[in-house]
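Residue numbers (numbering that gives the first Met the number 0), protein chains in the order written: chain A, 0 to 338; chain B, 0 to 502; chain C, 0 to 166.
Some hints could be false.
Only pairs whose alpha carbons sit at most 30 Å apart, straight line, appear in this in silico DSSO-like list of lysine-lysine [what the hints assert, rightly or not]:
#, chain 1, residue 1, chain 2, residue 2
1, A, K33, C, K157
2, A, K189, A, K321
3, C, K157, A, K94
4, A, K295, B, K353
5, A, K60, C, K157
6, A, K328, A, K158
7, A, K274, C, K157
8, A, K231, A, K310
9, B, K428, C, K122
10, B, K353, A, K243
11, A, K310, A, K150
12, A, K232, A, K189
13, A, K328, A, K65
14, A, K243, A, K143
15, C, K157, B, K429
16, C, K157, A, K116
17, B, K429, A, K294
18, C, K157, A, K65
19, A, K60, B, K353
20, C, K157, A, K89
21, A, K252, A, K182
22, A, K86, C, K122
By construction, these hints were calculated from the structure, which means they are not laboratory data.
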Amino acid sequence: MKRFKRKTTLFATALLGASIAALTLPAQAWEPTKPIEIIVPAGTGGGADQMARAVQGIITKHNLSKQSVVVINKSGGAGGEGFLDVKNSKGDDHKLIITLSNLFTTPLATGIPFSYKDLTPIAMMALDEFVLWVNASTPYQTAKDYMDAIKKAPDGQFKMGGTGSKQEDQIITVAIEKVIGKKMTYIPYKGGGAVAVQLVGGHVDSTVNNPIEAVAQWRAGSLRPLCVFDSKKLDYHEPIANGKAWDSIPTCKSAGLDVEYLMLRGFFAPPGISKEAVDYYVDLMKKVRETPEWKKLMDDGAYNQTFMSGKEYLDWVAKAEKTHEELMKSAGFLAAKSN
Amino acid sequence: MIEDIANLFHGFAVVVQPFNLVLMVIGIVLGVIVGVLPGLGGANGVAILLPLTFSMSPTSAIIMLSCIYWGALFGGAITSILFNIPGEPWSVATTFDGHPMAQQGKAGEALTAAFTSSFVGALFAVIMITLVAPLVASFALRFGPAEIFAVYFLAFCSFVGLSKEPPFKTIVSMMLGFALGAVGLDQMTGQLRLTFGFTEMLNGFDFLIAVIGLFGIGEILLTMEEGLSFKGRAAHINARVVFQTWATLPKYWLLSLRSCLIGCWMGISPAGATPASFMSYGIAKRMSKNGKNFGKGEIEGVIAPETAAHAAGTSALLPMIALGVPGSPTAAVLLGGLLIWGLQPGPLLFVEQKDFVWGLIASMYMGNIVGLLIVLTCVPLFAAILRIPFSVIAPVILVLCAIGAYTVHNSSFDVIMMVVFGILGYFMKKTSYPMAPMVLAIVLGDKAEEAFRQSLLGSGGSLGIFFSNPLVSSIMVLGLVALFWGAISTGWARLRGQAATAA
Amino acid sequence: MSHSAKEAGGAGPSHRNVEIGFTLFMGFLGLLSIIGSLQVGIGWGAEGPKAGFFPFYCGLIVVLSTVVNLINAIRMQENGLFAEWPALWQVVSVVVPTTIYVLAIPYLGMYVSSAILIAAFMKYFGRYSWLFSIAIAIAVPAAIFFMFEIWFLVPLPKGPVESYLGY
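Work out the full structure: start from the sequences and follow the hints.
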């Protein structure tokens with residue numbers, strides 16, 4: 000009975016992937032034979048961790064894989080620990096790693112030896128947006144108001160809270176400083192949720208939280224989004240707070256703050272795994288993206304839902320690494336050679 | 000308020016459905032298991048079961064998951080008392096008196112006291128959550144880096160200066176603890192420090208590895224030196240011990256109340272259960288007339304940390320629900336679960352998801368009662384573990400310690416470090432270097448340093464920020480009082496001690 | 000505390016020597032902390048104190064306190080024993096197998112090395128029969144396997160035996 004049921008699910012999933020039939024057929028040739036590990040190069044509760052656990056939940060609930068999925072956090076050394084582990088598991092086709100920007104920033108800032116070139120790219124699941132937030136009780140209604148205030152104040156008076164040091168939040172902060180020509184004081188915290196609460200409590204003046212980290216406080220009326228660091232507005236029209244939807248937030252560029260930044264949420268595998276295994280995982284991730292739970296997650300976090308795999312993905316990553324290297328070089332964030 | 004109470008009763012009605020009660024028992028038992036196994040924490044239990052709960056209603060799911068959390072809180076005390084191995088970080092302080100009690104054949108009493116105190120602490124915190132949740136949540140918002148540093152400072156000051164070991168040895172082990180805690184990535188600058196180029200050192204030294212080594216392995220080595228047996232195995236244990244211990248507990252009501260308050264305070268100001276347990280232990284030792292006996296198997300030394308740890312662990316759930324900020328890794332995983340169920344934690348959860356929130360709060364009451372009943376019935380069983388011969392249980396403990404150390408970061412290097420810490424612990428004990436300050440420094444050191452540096456960044460390097468508003472100033476002053484009080488009283492005790500030996 | 004050791008009055012390393020040695024070792028750790036901190040900078044930079052500021056002073060205090068502890072240790076009058084040789088031998092006979100055990104984990108896997116440790120320990124210290132020792136040595140790792148790998152999905156290190164069995 001159970002066997003029969005499994006066959007029907009297999010059949011159903013094959014149908015699901017029919018749009019990519021030519022690629023899907025060989026993918027069925029490789030199947031995982033033991034639990035699949037998803038390494039999270041960050042602590043529990045962060046954006047990457049949430050996404051990994053959502054993927055785990057979706058795969059389990061919809062029975063997308065015969066084998067169970069295990070999520071393991073390896074956050075040491077700004078995620079370096081997780082990436083080194085995957086890099087050193089050459090040929091292990093039961094291991095995946097979910098990335099955030101520390102794929103680029105950690106090796107540059109700490110000198111821990113790894114690069115995206117050491118890994119096998121699987122797929123880009125989404126891009127995480129960044130929004131400039133201020134406390135709702137402040138008078139700044141637009142990004143321009145806020146920037147003018149910073150320009151008038153002495154260097155370092157305005158405090159920007161962010162996650163981690165020399166990572167995405169601080170990179171954006173430095174980029175903002177470049178545009179407005181004034182220094183801000185960047186204060187690093189451990190997690191995005193804590194940063195948002197610090198802003199609600201008035202301990203910092205602004206943050207560049209991801210939508211999902213700050214949405215609850217926005218809805219409660221304690222935070223105000225000023226602009227989004229993307230080339231276009233967010234594509235979500237459901238009202239969130241005070242009848243305003245994500246798409247009501249203007250782009251920072253239109254507000255005269257020409258800074259763009261998106262964070263990769265994608266999967267990589269260890270080096271040297273077979274083409275068949277890669278195809279299996281690409282296909283698996285496509286199925287994950289078809290589920291209602293995934294759509295819900297995307298809506299909640301107002302993600303940019305770009306999907307890429309294969310060469311397209313690799314090219315994107317290569318370009319992103321170049322951008323990060325330039326940004327970090329100009330910010331003076333590169334690791335000192337003495338280390 | 001009336002409406003809230005009606006909601007709470009509605010919550011109870013949801014919780015006592017048979018299906019939910021079954022989930023509750025399953026959750027507690029699983030929680031106790033993950034709490035007992037070192038390295039496997041509540042976060043593991045919750046994370047593993049989370050996917051399974053997506054098919055349940057959110058309320059049923061959160062009942063089961065939060066019961067794992069309660070179970071883990073209860074379970075942490077068991078190995079601390081029996082084998083001197085804290086299963087969870089917040090049960091370290093429980094080992095100080097719990098394990099000596101077990102060695103004196105009073106394992107049953109220690110376990111009963113620990114479980115009952117846990118229950119009292121948790122219950123106190125739940126009542127507080129029920130009555131003043133929104134108020135407390137807005138209070139938590141006032142904690143910026145300076146306030147958080149002040150809280151750590153206070154926790155630290157209430158604990159240091161207590162040991163009877165030579166002061167310079169205390170200083171050495173405390174400062175080494177700070178240095179060990181600093182190894183790895185510096186959160187503030189993103190730089191690696193004290194790793195000397197070894198990639199294995201990236202993680203730094205996790206507190207659990209140090210604790211499993213110093214306490215667990217160190218204890219086994221000491222036992223080997225003194226001849227092969229766990230002391231206390233001859234203890235006569237029966238079910239009556241629970242009631243006999245209960246009869247002695249009411250006279251410690253003041254201690255319990257104080258520990259509850261410390262716990263709630265530390266849980267809301269997001270310092271957490273571990274510092275709460277240390278602080279409560281330190282203050283209890285100072286206030287108690289039996290202070291001298293602390294560390295030698297004093298029941299008050301079990302009640303104080305356990306009560307505070309549970310009050311803190313429970314009240315730490317409040318910021319999670321009300322603000323969307325997890326107070327612990329377990330809470331963080333629960334938070335991820337909430338998002339997947341489509342519940343958005345945050346200020347509006349209380350308004351929009353009444354059923355869920357009051358179901359959760361009702362399950363806190365019920366979960367703790369069910370949990371207490373389950374663990375208390377098992378006291379004789381747990382205590383009977385001590386009757387297993389040492390040469391059978393010792394290698395099993397070694398194996399469990401190794402697994403515990405491995406699972407912290409999934410790293411074999413950590414297992415090796417655990418043995419190194421074990422040998423270090425053996426020598427420290429033999430040459431009377433106190434271990435507790437080292438452990439406390441490893442736990443609090445990096446967090447305190449981080450908060451300190453965040454504050455100074457904000458203030459542009461001025462130390463005045465620690466006295467910039469009434470809240471932070473009063474915590475700092477309390478800390479200073481605790482610090483100097485400690486110095487004076489130990490100095491006084493030492494003087495008297497020297498006079499006594501001279502005479 | 001065990002009285003038998005003191006009453007027997009056997010030979011062993013003197014407490015004073017061990018104390019001096021261990022004190023020097025603690026000082027050495029402090030020194031390491033100072034060196035490591037100097038590498039990352041100990042000053043008070045633009046971002047507040049630098050990465051090495053805090054551990055540097057911790058290391059410095061350790062070294063200074065060590066000097067005091069060392070003087071106390073050298074002055075130590077009583078010439079008691081640290082421990083007797085047979086007792087120390089017992090300690091060493093646990094430390095050595097445990098060290099071998101943890102070093103073997105990455106190669107043999109957690110389960111096989113644990114089974115060997117338990118069997119050897121029971122046989123050597125407990126003088127149990129081979130049958131009983133091996134039974135426990137297989138039962139415990141098996142229980143752990145089900146608890147961790149199957150139930151809680153926490154993967155532990157595995158070696159050739161497990162991969163032969165398909166894990």
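Hints violated by the structure (listed by number, smallest first): 11, 13, 15, 17, 22
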